[in-house]
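For what it's worth, the working numbering labels the leading residue of the sequence shown as 17, then goes sequentially.
None of these hints come from the bench; they were simulated from the model.
Remember, it's a predicted structure, so these values are computed and weren't measured experimentally.
Where hints are given, some of them may not hold.
With a Cα cut of at most 20 Å, we get these calculated SDA-like pairs of lysine to any residue [said to hold, decoys possible]: (1) Lys98 <-> Glu60; (2) Lys65 <-> Gly24; (3) Lys103 <-> Val150; (4) Lys70 <-> Gln100; (5) Lys117 <-> Phe134; (6) Lys98 <-> Val123; (7) Lys70 <-> Gly24; (8) Lys117 <-> Leu142; (9) Lys70 <-> Phe112; (10) Lys153 <-> Met106; (11) Lys70 <-> Glu59; (12) Lys117 <-> Val150; (13) Lys65 <-> Glu20; (14) Lys117 <-> Leu105; (15) Lys70 <-> Asp54; (16) Lys103 <-> Thr140; (17) Lys25 <-> Trp124; (18) Lys153 <-> Thr114; (19) Lys117 <-> Glu97; (20) Lys70 <-> Met99; (21) Lys117 <-> Trp89; (22) Lys103 <-> Phe76; (23) Lys25 <-> Gly92; (24) Lys117 <-> Met99; (25) Lys25 <-> Phe76; (26) Lys65 <-> Glu97; (27) Lys70 <-> Trp124; (28) Lys103 <-> Ser68; (29) Lys117 <-> Gln100; (30) Lys25 <-> Glu132; (31) Lys98 <-> Phe143; (32) Lys65 <-> Lys117; (33) Lys65 <-> Pro37; (34) Lys153 <-> Thr119; (35) Lys103 <-> Phe62; (36) Lys70 <-> Ile93; (37) Lys153 <-> Glu132; (38) Lys103 <-> Glu59; (39) Lys103 <-> Ala122; (40) Lys153 <-> Lys103.
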Amino acid sequence: DTAEEVLGKPATRFFEEYNQPFVANLLATTPKHLSHLDILRREEEFIAKDGSLKTIFWTFRFDIKFMKGICLWGLGIDLTEKMQAQKALMRSEQRFYTISKATNDAVWDWNLATNELFWNDGITELFGYPPDEVENKIQW
């Protein structure tokens, strides 16, 4: 939402318009016995105004002395891009691992940023180097 769409509007409108499942799940899973100023943190999927699915890390603070079960404030941090990047990295690492296990070749990966070198088991099988003698740094 833009600043104009948000300013002066009650926070509940964001939940009422397009996030009924989110609100229902939040209410169903919030601890019933909150103590004074309890903080609830959770990661939830949230439907954005454009209909896209976002992963949001929520922090809610409840004040039961003010009004039983009422959220005093809440903060949501969009983790969607981070979660997508983590999933892409995991898929890439799984592909590399699968390839390195499926071949009889010596496969290596050189991280230019850290100068670290990774070898698969092929270095031992093809060249006879024991794993404890294989260095993970390139030296010129």
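Open item on the list: Run the distance test for Lys70 versus Glu59: straight-line Cα separation, threshold 20 Å.
Closed with: 10 Å, holds
TODO: With a cut-off of 20 Å on the C-alpha distance, tell me whether Lys117 and Leu105 pass.
DONE: 18 Å, holds
- [ ] Mind checking the alpha carbons of Lys103 and Thr140 for me, to see if they're no more than 20 Å apart?
- [x] Not OK: Lys103 and Thr140 at ~31 Å, beyond 20 Å, violated.
Open item on the list: Between the alpha carbons of Lys65 and Glu20, is the straight-line distance 20 Å or under?
Closed with: 14 Å, holds
TODO: Mind checking the alpha carbons of Lys98 and Phe143 for me, to see if they're no more than 20 Å apart?
DONE: 40 Å, violated
TODO: With a cut-off of 20 Å on the C-alpha distance, tell me whether Lys103 and Ser68 pass.
DONE: Holds: Lys103 and Ser68 sit about 18 Å apart, inside 20 Å.
TODO: For the pair supplied as a hint, Lys98 and Glu60, confirm whether the alpha-carbon distance does not exceed 20 Å.
DONE: Roughly 14 Å separates the two Cα atoms, so the pair holds.
Task: Hinted pair Lys65 and Gly24, Cα distance within 20 Å - done: Answer holds: Lys65 to Gly24 is near 18 Å, not above 20 Å.
TODO: Verify the proposed pairing of Lys70 with Asp54, using a straight-line Cα cut of 20 Å.
DONE: 25 Å, violated
- [ ] Decide if the proposed pair is consistent with the structure: Lys103 and Val150, CA atoms, cutoff 20 Å inclusive.
- [x] 30 Å, violated
Open item on the list: For a C-alpha distance cap of 20 Å, please report whether Lys117 and Gln100 respect it.
Closed with: The given pair, whose Cα atoms are some 26 Å apart, is violated under the 20 Å limit.
Open item on the list: Lys25 and Gly92 were given as a pair; does the straight-line alpha-carbon distance stay at or below 20 Å?
Closed with: 17 Å, holds
Hint check: violations occur at hints 3, 6, 7, 9, 10, 15, 16, 17, 18, 19, 21, 22, 24, 27, 29, 30, 31, 32, 34, 39 and 40; the rest are consistent with the structure.
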